[in-house]
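Visitor: In case you want the letters, here they are:
2 protein chains.
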Amino acid sequence: MNTLTNRQKEIFDFIKSKISDEGYPPTRMEISKFFGFKSPNAAEDHLKALKKKGFINILSGTSRGISLSDDDDNIPVIGLVSAGSPMLAEENVEKKIPALPISSHGVDFYLRVRGDSMINVGIFDNDLIAVNKDLKVKKNAIVIARIDDEVTVKTLIEISNNKVVLKAENENYDDIVINPNKVNLNFEGTCVGLIRNMN
Amino acid sequence: MNTLTNRQKEIFDFIKSKISDEGYPPTRMEISKFFGFKSPNAAEDHLKALKKKGFINILSGTSRGISLSDDDDNIPVIGLVSAGSPMLAEENVEKKIPALPISSHGVDFYLRVRGDSMINVGIFDNDLIAVNKDLKVKKNAIVIARIDDEVTVKTLIEISNNKVVLKAENENYDDIVINPNKVNLNFEGTCVGLIRNMN
DNA sequence: TGAAATACTGTATATAATTACAGTATGAAC
DNA sequence: GTTCATACTGTAATTATATACAGTATTTCA
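As you go down the protein sequences, you meet chains A and B in turn.
Counting in the numbering used here, the first sequence runs from 1358 upward without gaps.
Counting in the numbering used here, the second sequence runs from 1358 upward without gaps.
Do not rely on the hints blindly, as some may be mistaken.
Identical copies go unnamed one by one, so any copy, or any two together, can satisfy a pair.
What the hints assert, rightly or not - Calculated lysine-lysine pairs in the DSSO-like style (CA-CA distance at most 30 Å, straight line):
1. LYS1395 x LYS1452
2. LYS1366 x LYS1408
3. LYS1490 x LYS1520
4. LYS1493 x LYS1395
5. LYS1395 x LYS1366
6. LYS1410 x LYS1520
7. LYS1373 x LYS1409
8. LYS1539 x LYS1453
9. LYS1520 x LYS1408
10. LYS1405 x LYS1375
11. LYS1390 x LYS1453
12. LYS1409 x LYS1520
13. LYS1375 x LYS1539
14. LYS1409 x LYS1524
15. LYS1520 x LYS1496
16. LYS1520 x LYS1493
17. LYS1395 x LYS1495
18. LYS1366 x LYS1495
19. LYS1524 x LYS1490
20. LYS1410 x LYS1373
Hint data in this document are derived by calculation from the structure and do not stem from the laboratory.
All values reported here derive from a predicted model rather than from experimental measurement.
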């Protein structure tokens, strides 16, 4: 998908806000009025550009026939992570679900938790944790780490150039102490929320 | 708000599905075509009825100018419950948020948990629990009980005509043993899910 | 440096859409 | 037993809307 110019992004944002505010997309005239265009064709041209770049679909002959093609506010749920594959690789995506209704930080994906290593902080087997992948990992945060292709959820209690300590929140598990220069360690993100389904 | 006739509900549902499928509301002609009306005025009449009953708004002179007036898929979050007031009374509603993305059962409201009495089952202070108020309360379910105006979340471990036992999932709390004939006991619902926001 | 993309103005027109008015028929409410 | 709400048919007019064509000016990229 191509990138939008500043002006095109403004138009695209206007369309999105119209849809969320009014409940329906704008007409060419409404776009023109908002941006001060003297001709509806200016809006038409922008819509064609947005369509060409794949950001919207246009139904011809249909009033307000604009739909956003990039509707994916749905967030992937990651089940088991295959060795060697990136977190968000298609083979790892169990399904897609809408965003967490609460959450101060953005959620990039949900990860289904396996095992009981974090029960002391209320993260149970089969829970979904909401993960933000761009937040800087910080001490005392619950992080999603990948150690030599093994994905694990733990509390980060120490991080320096040659030592990383990951703590399981369960007395039955030992701390994981790693020299990041010797093993392959990646942080896949920080846990920012949790969803549990009870039956 | 008035109630809808079966036919009006069909029309209303069609409008909702059009909005979610196509991204914009239908025209009178599209409604008529779908239902087999031979006149667009049949749709017009229905829209007026829906407007009169408060289910939609209509912007005159605007193509597809239909908007849904009640975003009733948003679910109330209940904070502190005032003594004597029904659970869902307005004064108890903190805010409204979209439905839990997962959940096998319907969610009638979210309740903000106060205290640590359920930490052994992973329910922590400030968590939101998703509550279904119509499920029959069952042994071993986590229930929301109201005992003489005091709302509490506990595991129901015994229920009979003259004895109800509610268990806190934390060693520091004793079981609550109640004779339902002597105190005012109501079950407000069953916990069907959980949301936690982490910062 | 020259073509293509961007960002518009200006005009025009076919058609999409709203919506009023005039009816018909049926069942519920008072 | 008549009024009101529901649920439509049928017609028609005004206006809302999409969208083509012909331009101009500027910027981007190869």
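Visitor: Does each hint fit the structure? Answer for all of them.
Guide: Evaluation of the provided hints:
1. LYS1395 x LYS1452: Answer is neither: 44 Å inside a copy and 42 Å across each miss the 30 Å cutoff.
2. LYS1366 x LYS1408: within (12 Å within a copy, 35 Å between copies)
3. LYS1490 x LYS1520: Only inside one copy: LYS1490 and LYS1520 sit 22 Å apart there, 50 Å across copies, limit 30 Å.
4. LYS1493 x LYS1395: Answer is neither: 47 Å inside a copy and 61 Å across each miss the 30 Å cutoff.
5. LYS1395 x LYS1366: Only inside one copy: LYS1395 and LYS1366 sit 20 Å apart there, 42 Å across copies, limit 30 Å.
6. LYS1410 x LYS1520: neither (46 Å within a copy, 66 Å between copies)
7. LYS1373 x LYS1409: Both ways: LYS1373 and LYS1409 sit 17 Å apart in one copy and 29 Å across, limit 30 Å.
8. LYS1539 x LYS1453: For LYS1539 and LYS1453, neither the intra-copy (36 Å) nor the inter-copy (49 Å) Cα distance is at most 30 Å.
9. LYS1520 x LYS1408: neither (50 Å within a copy, 65 Å between copies)
10. LYS1405 x LYS1375: Both: 18 Å inside a copy, 24 Å across copies.
11. LYS1390 x LYS1453: Close neither inside one copy (36 Å) nor across copies (33 Å); limit 30 Å.
12. LYS1409 x LYS1520: neither (50 Å within a copy, 68 Å between copies)
13. LYS1375 x LYS1539: Classified as neither; 53 Å inside a copy, 56 Å across copies.
14. LYS1409 x LYS1524: Result: close neither inside a copy nor across copies, 50 Å intra and 60 Å inter.
15. LYS1520 x LYS1496: within (13 Å within a copy, 48 Å between copies)
16. LYS1520 x LYS1493: within (17 Å within a copy, 52 Å between copies)
17. LYS1395 x LYS1495: The answer is neither: 52 Å in one copy and 65 Å across copies each exceed 30 Å.
18. LYS1366 x LYS1495: neither (34 Å within a copy, 52 Å between copies)
19. LYS1524 x LYS1490: within (20 Å within a copy, 38 Å between copies)
20. LYS1410 x LYS1373: Both ways: LYS1410 and LYS1373 sit 16 Å apart in one copy and 29 Å across, limit 30 Å.
Hint check: violations occur at hints 1, 4, 6, 8, 9, 11, 12, 13, 14, 17, 18; the rest are consistent with the structure.
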